[in-house]
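Asker: If you want the building blocks of each chain, they are given just below.
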Amino acid sequence: MNSAFTREINSILSDFSQERGNLIPILQHVQEKFGYLPEEAIQAIADFLHVSSSTVYSVSTFYTQFKLTPLGEEVVKICRGTACHVRGGPTLQRDIERRLSIKPGETTKDMKYSLETVACVGACALAPVMIVNNRVYGKMTPKKVAELFNGKN
Amino acid sequence: MAKIKTSKLSAGQRTVFLCHGTGCVSNEAFAIRKAFEKSIERLQLTDIKVDFTGCHGFCEQGPIVFVQPEGIFYAHVSLDDVEEIVYSHFRDNKPLERLMYKDPSSSEIVPYFKDINFYKKQRHIVLRNCGRINPERIEDYIATDGYQALQKVLFSMTPHQVIDEVKISGLRGRGGAGFPTATKWQFCHDAPSDKKYLICNADEGDPGAFMDRSMMEGDPHSVIEGMAIAAYATGATEGYIYIRAEYPLAVNRTKFAIKEAEERGFLGKNILGSDFSLKIHIKEGAGAFVCGEETALIASIEGRRGMPSSRPPFPTQSGLWGKPTNINNVKTLATVPLIILHGGKSYSQTGTEKNRGTSIFALTGKINCMGLVEVPMGTKLADIIFDIGGGIPNGKKLKAVQTGGPSGGCLPANMINLPVEYEAFANAGSIMGSGGMVVMDEDTCMVDVARFFISFTQSESCGKCVPCRLGTKQMLNILENICQGRGNITDIDLLQNLAQSIKVSSLCGLGQTAPNPVLTTLSYFRDEYEEHINDRRCRAAVCTGLVTYSIIAEKCPGCGLCIRECPVQAVTSSGKKKPVILDQSKCTKCGACFNICRLGAIAVK
Numbered sequence: 000m001n002s003a004f005t006r007e008i009n010s011i012l013s014d015f016s017q018e019r020g021n022l023i024p025i026l027q028h029v030q031e032k033f034g035y036l037p038e039e040a041i042q043a044i045a046d047f048l049h050v051s052s053s054t055v056y057s058v059s060t061f062y063t064q065f066k067l068t069p070l071g072e073e074v075v076k077i078c079r080g081t082a083c084h085v086r087g088g089p090t091l092q093r094d095i096e097r098r099l100s101i102k103p104g105e106t107t108k109d110m111k112y113s114l115e116t117v118a119c120v121g122a123c124a125l126a127p128v129m130i131v132n133n134r135v136y137g138k139m140t141p142k143k144v145a146e147l148f149n150g151k152n
Numbered sequence: 000m001a002k003i004k005t006s007k008l009s010a011g012q013r014t015v016f017l018c019h020g021t022g023c024v025s026n027e028a029f030a031i032r033k034a035f036e037k038s039i040e041r042l043q044l045t046d047i048k049v050d051f052t053g054c055h056g057f058c059e060q061g062p063i064v065f066v067q068p069e070g071i072f073y074a075h076v077s078l079d080d081v082e083e084i085v086y087s088h089f090r091d092n093k094p095l096e097r098l099m100y101k102d103p104s105s106s107e108i109v110p111y112f113k114d115i116n117f118y119k120k121q122r123h124i125v126l127r128n129c130g131r132i133n134p135e136r137i138e139d140y141i142a143t144d145g146y147q148a149l150q151k152v153l154f155s156m157t158p159h160q161v162i163d164e165v166k167i168s169g170l171r172g173r174g175g176a177g178f179p180t181a182t183k184w185q186f187c188h189d190a191p192s193d194k195k196y197l198i199c200n201a202d203e204g205d206p207g208a209f210m211d212r213s214m215m216e217g218d219p220h221s222v223i224e225g226m227a228i229a230a231y232a233t234g235a236t237e238g239y240i241y242i243r244a245e246y247p248l249a250v251n252r253t254k255f256a257i258k259e260a261e262e263r264g265f266l267g268k269n270i271l272g273s274d275f276s277l278k279i280h281i282k283e284g285a286g287a288f289v290c291g292e293e294t295a296l297i298a299s300i301e302g303r304r305g306m307p308s309s310r311p312p313f314p315t316q317s318g319l320w321g322k323p324t325n326i327n328n329v330k331t332l333a334t335v336p337l338i339i340l341h342g343g344k345s346y347s348q349t350g351t352e353k354n355r356g357t358s359i360f361a362l363t364g365k366i367n368c369m370g371l372v373e374v375p376m377g378t379k380l381a382d383i384i385f386d387i388g389g390g391i392p393n394g395k396k397l398k399a400v401q402t403g404g405p406s407g408g409c410l411p412a413n414m415i416n417l418p419v420e421y422e423a424f425a426n427a428g429s430i431m432g433s434g435g436m437v438v439m440d441e442d443t444c445m446v447d448v449a450r451f452f453i454s455f456t457q458s459e460s461c462g463k464c465v466p467c468r469l470g471t472k473q474m475l476n477i478l479e480n481i482c483q484g485r486g487n488i489t490d491i492d493l494l495q496n497l498a499q500s501i502k503v504s505s506l507c508g509l510g511q512t513a514p515n516p517v518l519t520t521l522s523y524f525r526d527e528y529e530e531h532i533n534d535r536r537c538r539a540a541v542c543t544g545l546v547t548y549s550i551i552a553e554k555c556p557g558c559g560l561c562i563r564e565c566p567v568q569a570v571t572s573s574g575k576k577k578p579v580i581l582d583q584s585k586c587t588k589c590g591a592c593f594n595i596c597r598l599g600a601i602a603v604k
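Protein chains in written order, with numbering that gives the first Met the number 0: chain B, 0 to 152; chain D, 0 to 604.
Treat the hints loosely; a few may be bogus.
[To be verified] Only pairs whose alpha carbons sit at most 30 angstroms apart, straight line, appear in this in silico BS3-like list of lysine-lysine:
| # | chain 1 | residue 1 | chain 2 | residue 2 |
| --- | --- | --- | --- | --- |
| 1 | D | Lys585 | B | Lys142 |
| 2 | D | Lys588 | B | Lys76 |
| 3 | D | Lys502 | B | Lys138 |
| 4 | D | Lys344 | D | Lys48 |
[As the list claims (entries may be wrong)] If you anchor each label on the Cβ, the simulated ranges turn out as follows:
| # | chain 1 | residue 1 | chain 2 | residue 2 | range |
| --- | --- | --- | --- | --- | --- |
| 5 | B | Glu105 | D | Gln473 | 24 to 34 angstroms |
| 6 | D | Ile580 | B | Ala145 | 13 to 23 angstroms |
| 7 | B | Gly34 | D | Glu36 | 33 to 43 angstroms |
Quick caveat, the hints were computed from the structure, so don't treat them as lab data. Every value quoted in this text rests on a predicted model; they were computed, and no experiment measured them. Glycine included, C-beta positions come from ideal geometry on N, C-alpha and C.
Given only the sequences and the hints, what does the whole structure look like? Please build it.
Answerer: Written out as structure tokens, the structure reads:
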């Protein structure tokens, strides 16, 4: 573990008291900082909260928000809410899977894109919806997807 | 007794309100507000103010611009439209017709907010402030009688009186199960303990629902005031708002509102100079649907895996950190200040005998006007879908209404005279749920909808109990087979048996209600299952394994519209004015060509 990394982890931990209830907020802050939960961070959090690293691991694998591997530069999330589903969400998902040649939960080899699905972002009136790096794109059609990706490359 | 300083809302001053809910914000509403400010400043229209509100509930029309006091409503405003609105509406006093709302059924222009059918036929009680006040300015909330109810409770009512008032109102939990709120409060109040907690459940995990998001974005103070009153009544001194991390705007507004309330003495130690203290924390959910269940939610706040535990003991006896804990939904809490201020009796005037007050739905799917809808309990589904929602788009027919999210069911079109009531929905095999209402037309495959919900609950099952963990997986396998044309007629009975076993033997609400979408589609749309199995046909052309697209040569003039639309270049030209060619090996069955063709030259089987 290099010292810059340790410093960053410690700086996050210093905002919290050593209570078990802080585990999830700590994981959220670490992920916010690094984009995922590095293995060393899990050990550091376990030491800080006086719990075993397997406890931290079990919590971080339970919640879909937490990632144990780094994500690509652009994180594409497809909403799989009901409103999106009946308004063409599955087609949108197939289209993007084909375009990026990855399935949800995967990252392209060049680390450019990660694909995820999200339960619902609550923008149902704009269905079908996709999110690229926290920006919401609504009322997607195959054509709009093409424009979005071709415009980027 | 401390007196709350009140100020009037800036009535009379001409104000341009930008809707800053998630829907509008995702369409550049922040930038549009900046553009208004700049443009108005440049023209030195000093008497015109630019401000923002939370979600208007009519997200589909966003970005929404609302001009007060005249009440003019502009829809789909883009950055390029700002100058035109400012010049026309404010400099020349000619409201801009081009951007006014058009009624989807009559195509008429409706200039005024108050005349729009979508709003006119609703009854905003709980949503009274959403879209009307600035959610990031506590003064706005105070000016609409905000925190008056808290003051009344602290200085003139005992906890018993508060619970009695809520009892008179007949308020039932708006999270979905409809448990009487006063009874829950009484349980928590009666539990002996030196420390009690209050939790506001804003973990709105139902796909297709955004009521709680809109409340927290549009009027966070009414929820906070409701929490303070509930805490006073139950004896809680510490509260949590458990809110989805997927709602960043709502999280930030709520954090800000708590800070403002603390600064004004509505939260914290010795609230308004009384003996009562309450500290509220925010916990962001980490993306687990099951955490909407009370015991799982508690586990998550405690920093554990969000797995439910068996009840009893109920959280009101032994909840967070083993202490008595009262958990209420966002909408339940937001209703409380109104009940205290105007009396339980006044609240109970709305609605029906067993279902008092109003209910809030997120109306989405295949419907003309999508958005947030508040109606008195007892309103017929048909009134919501046709009067408020403006009916089904593109001349299609209504097929089903899905309520209650993955725990609910699909009600067929012939049941749309059903009133919005907990019991009526339950008798029909669905549930009221938290308020998701997804409208489905004839292009929706009901078998696919059942498969969709089971795939959701299967992936969200926490894995603790066997019936839910393995049962939903088996149901999903069967449904996938049927959707891909590999179904067997005995599968229907098997599904039914599995569904019943999962319902009776699962540990928590997630598993107990997971089979509902399958059971309701089986009882109301059995013919579609049989068609998938016996005829290998999906009438809605949704199940890709059962669908083929082809070109009807005699109808195709080779206009090329579909060639440009196809995302995989499966459609190619065969020469000028000749029918196009569809390469089946490339076709991904996305339906883009079918949707764009206006000549009916593409067949789907």
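Asker: Please list, smallest to largest, the hint numbers that this structure does not respect.
Answerer: 3 and 4
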